[in-house]
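Colleague: As a plain string of letters, each chain reads:
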Amino acid sequence: MVNKVLKGNGLYWGWLSLLLMIMGAGAVSYLVQFNYGLGATGMSRDVTWGIYISQFTFLVGVAAGGLMLVLPYYLHDYKAFGRITILGEFMAIAAIVMCLMFIIADLGQPMRATNVILHPSPNSMLFYDMIVLNGYLFLNVLCGTVVLHSEYKGIKYPRWIKPFIYLSIPWAISIHTVTAFLYAGLPGRHFWLTAVLAPRFLASAFAAGPALLLIIALIMQRTAGFNVGRIAKDKLVTIIGYAAIINFFLVGCELFTAYYSNMPGHMHTLDYLFFGLVDHSTGIMHNNLVPFMRAFVVMGVVGIGLLFAARRAKSDAMLATACVLIFVSFWIDKGLGLVLGGFVPSPMEHVTEYVPTVVEIGVAVGIWATGFFVLTLLYKMVVAVKRRSEDLLEIE
Amino acid sequence: MDNTRRKFLKLAGLTAAAGVGATVIGSKAMASGAPAHGAPAGHGAPAAAHGGGHGDVATGVRQAIVIDTGKFNDNPGLAEKCQQACHSYHNVPDFGNPKDEIKWIWTDKFANVFPEHSHYKKDDRISSMDIIAMCNHCENPPCVRACPTQATFKNADGAVMMDFHRCIGCRFCMAACPYGARSFNWRSPRGVDKEGHPFIEKMNPKFPSRMRGVVEKCSLCSWRTKKGLDPLCVEEANKTAADAMIFGDLNDKDSKVAKLLRSKFTIQRKPALGTKPSIFYII
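Top line first, the protein sequences correspond to chains R and D. Using my numbering, read the first sequence as starting at 1 and increasing by one per residue. Using my numbering, read the second sequence as starting at 1 and increasing by one per residue.
The hints are simulated quantities; they were obtained by calculation from the structure and are not laboratory data. One should not assume that every hint holds.
[Unchecked claim] Incomplete in silico selection of chain R near chain D, CB under 7 Å: (1) 44; (2) 116; (3) 121; (4) 184; (5) 188; (6) 271; (7) 346; (8) 348.
Beta carbons: idealized from backbone N, C-alpha and C, even for Gly.
Let's have the full structure, built from the sequences with the hints guiding it.
Modeller: Here it is in structure tokens:
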């Protein structure tokens, strides 16, 4: 089964070579950072987490999003997802690999990472995050490979794997809940200190994850002749659409609570993200995230509209555009605004803005490339196995 | 009420740890044949190890400082002297830019040190005054709760400590601290700038310098207070203005700080957060 990744056309090898080159550039960037220290990034005393932790947070969502394909198929026996459920599980693997790499990239002393296990601290949310992320990686590797290998052999998956599949469903919820708890339990960071953070994380994850999957499926439809089927696509539209609407509803709840209560601490970060915030000790206006956050709203709303229109028009091109809009929109929301915004204003109410450096962007892009590399190999295997089993069916 | 809630939280926390955490801590305590108090490598009070500072510190020693801001206002440059005394002894580097900045004790305006107190139409003295800010050595420190390796922990005397050798540099404590008291070594503090000028002006061999990639902060001079000495900033302040800073045990009702707190009106930074800071200000 694994040997399938070694056979491919020019496009396949070209794509992998491109990814390898980006990964190489990322590795060089990381070496620069490793030798100099995290000062090679744009992070500062006031903004202590940057794009590494924000990508991590977003990608935990992408991983959890796989749930939206696993749950209907295994729990509700929704047959139309038969071809794509495995894609959801494998996307989760690639996303978690990226998450773990982003965490390591963000550590000041990566060589000491095992201290989290050597000195376990059950009072820290990071301790639980380590458990749930590695556990989820294990579950998806196990379930994904066992199910795919069974299909490769032309048999139904063994019964013993079922409990692991069922376990992976609540586990997917747990990874994003614990990740939200990293933020939502900190006193003095008003923007994060909200009970709807975990629900909001889940809502945006259940939109962004399946949206990415649908984009990739549509690409594979053109490049590899892998068709997920009209029924599955239509169902995914429902899932992505409603999850995206719920995310916006929760954003609206945040806006209401902050602005109707009129409490300065609750309004500051939202002001910074959507309108800009003046540092009262210098009088300088800071607003470098404003265009991004406004784009998040516009792209998200347009994307949702286009998504349902695409289903009505049965247009794959429209569908792909809608998914890209929603994915990018929610990446801005969670992969930029949520983490970076939380640090503004600082605990002493100064405004320090953050701009990533070239080195930092190099590392981040390198990690994304690694994720796509893993994803490409896994999906190559899936396509090969699915084609083979369908060919066998035709012969019968 | 408070006590039963604590007990419940502890119990709930341990149950949630579902064997993993609980057994590890349990076996640690058993292996050392001592109560968790003598946890490995001096890693502090059981409060820190278990419930993240939800422990019963009130029965033990709780070190605190009272800062008389008026005396600092009457003696311009005094706060800088305190900072100098602290930073030079503790090998705190000066990178010359705010991005890499490391500071253990510093000053800022009233509106910044106390952003949640009203600074509307305050008198000219308060609006212009520079006020000392430092780690609050909270009774319920959010940083200790957040730390995934117990590299930051609470001493039995109430000081919140850092183990520079265990810290993995995840900076979760910096996100957790509501007072901006923590600094990170974004680059090696032992290096030199472009002109060959060292970041640590004069290395003090009596105190360890840090390596890059770890968090650091004020340790309430625990290496001095153990010997019965005042923290460096307190000693320095009182050389110029008697009782500008007063150090002592809050829980000893005969201590100077305890008496002062009974007789003067003082404020703490961000009291609404429930962190219970140990630094008090006479404004």
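Colleague: Evaluate each hint against the coordinates.
Modeller: Do the hints match the structure? See the list:
no.: 1; hint: 44; verdict: holds, 4 Å
no.: 2; hint: 116; verdict: holds, 5 Å
no.: 3; hint: 121; verdict: holds, 5 Å
no.: 4; hint: 184; verdict: violated, 12 Å
no.: 5; hint: 188; verdict: holds, 3 Å
no.: 6; hint: 271; verdict: violated, 15 Å
no.: 7; hint: 346; verdict: holds, 6 Å
no.: 8; hint: 348; verdict: holds, 4 Å
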